[in-house]
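A.B. asks: Protein chains in written order, with this note's numbering: chain A, -5 to 305; chain B, -5 to 305.
Each pair may be met inside one copy or between any two copies, as identical chains are not told apart.
Keeping only pairs whose Cα atoms sit at most 30 Å apart, straight-line, the calculated DSSO-like set for lysine-lysine is: (1) 170 - 159; (2) 43 - 159; (3) 285 - 159; (4) 55 - 43; (5) 124 - 285.
These are computed hints drawn from the structure, not numbers from a lab.
Number of protein chains: 2
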Amino acid sequence: MTEVAAIGGYSDSERAAYAEIGAVFHDTLSDLLAAPEDERAGVRVVAYKHHQAFGAAEMDKLPALALIANYGVGYDAISIPDADARGVKVTNTPNVLNDDVADLAIAMLLMQARGLVQGDAWVRSGTWAKEGPPPLARKVSGSRAGVVGLGRIGREIADRLAALKLEVHYHSRSEKETPGWTYHADPVSLADAVDFLVVALVGGPETEHYVSREVIDALGPQGVIVNISRGSTIDEGAMLDALEQGGLAGAGLDVFQGEPKVDPRFLELDNVVLQPHVGSATHGTRADMGKLQRRNVTAFLAGDALETPVN
Amino acid sequence: MTEVAAIGGYSDSERAAYAEIGAVFHDTLSDLLAAPEDERAGVRVVAYKHHQAFGAAEMDKLPALALIANYGVGYDAISIPDADARGVKVTNTPNVLNDDVADLAIAMLLMQARGLVQGDAWVRSGTWAKEGPPPLARKVSGSRAGVVGLGRIGREIADRLAALKLEVHYHSRSEKETPGWTYHADPVSLADAVDFLVVALVGGPETEHYVSREVIDALGPQGVIVNISRGSTIDEGAMLDALEQGGLAGAGLDVFQGEPKVDPRFLELDNVVLQPHVGSATHGTRADMGKLQRRNVTAFLAGDALETPVN
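Work the whole structure out from these sequences, hints included.
C.D. replies: Written as structure tokens, this is what we have:
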């Protein structure tokens, strides 16, 4: 009887590790749910590397399900209330990706402010030799940055912003112990106080459009948004309006509503840096995420404590 | 009689400030040297924003020359021995650009390692939606970085590398007081010890091809070079050979031999990030550089001490 189903696109070494514990593989959750009932009935553990919604309807087709081990820190595809109601445990892979995600936030901020995608094209197209230097860009040091959501990733970002000599502000549900960073009780006040706004919220319904039109307006024409969290955390339509009409200076975005499809309005903009959700997409970190996911699976199968439980 | 000649492309506000002290303007040093003898004879101060060689031959056509106030920290276009021999003082504009240059070094390092120019194109071309995520990239944190030349800019870069959780090594003429960074007495030893090599040397004949073929070989197939100093500091032919043949993993380059012309071999490479010498190219820093250059000019004219003398 198969106890473990591994869903999503795993690397060869990851597949080998799951094969060792007898896992079956499916590309998508739908594929598993379409499997014969006797296969589904035996599945106690789903190793999940997918963004398809995993709620009551899906869980009910897996009557023995007891653990969903998510690959990734963000588990917004999985309904925790539905899991709780069925006694299903959920784990994720926090921390091992913090540095990569924070590095990407910093890189996108610098790339946007300094015009570096354009700079590379300026050299490659021969424009430098033909027309001289590109327009002057924007200095980053000495500016004010605001972090929305001061969890583990938010802190890594704030540390790096401080090292780049930006004045650090932040907003989170409650004030936290920090090295002198300025707390704002609401996101509009934060946006109003800073030049660069970096969004490091968790995803899910509670943070949907948390960066609202009002927050975007408060950030204003000199403001730049950086988002490494989830596309859902920003009112994307309001952000696009502002980016198109001079209401914002620019954006650096790794995540989008409906990704991997991206609103074509983004593609017309030259004041945005766009990335294909690569916050944790390095060999080292993806390997570490896979190991942590598997440690949760094997701990569960052995009856040991889960390393990184969510619920 | 004109005492001040401003050479190069100044902004409107800079031109206005120089016009106030009666400066004449020329696009290039050659233009000034082609001026009538009575104009040249009166020039005591050259405010210099140009990369044309300024040595004995040029100085001898300006018999009253007493100050060359260079715009930029790098004054390798100006021959200091020739200036010394004629009692000509030289000033530059250090420090005000350190943060911008260090920020660019960090940005290019992250962009190269994480494939971010390619990432932006991956989204814009629709490849993400059509073909899925791009190949995995390289994790930066936990790696080893080496700084060649630990002057003021080198230190700013090293501080930022440490904040990104890289192990910091450096090479300079002598060991310096540092927060535990590892000193290497020669550049080959440094290159051998690190993954990322950031070049922050001064330009000029003494550092020509300081990053030699031997240094590049020591850095090796996993190594990445970042250069924000001068194109002359690296043996560019050796670096191109290595980049083309797998002898280096990549490079992030803001400066080139013979710039703004760039060796066309660079344009064929997808493992390099190329920038058109924009280390200090922000509105804020360029304004500060202009102010410092002018403070040196006005101090000289008033008989006061120079703020940032080179010789």
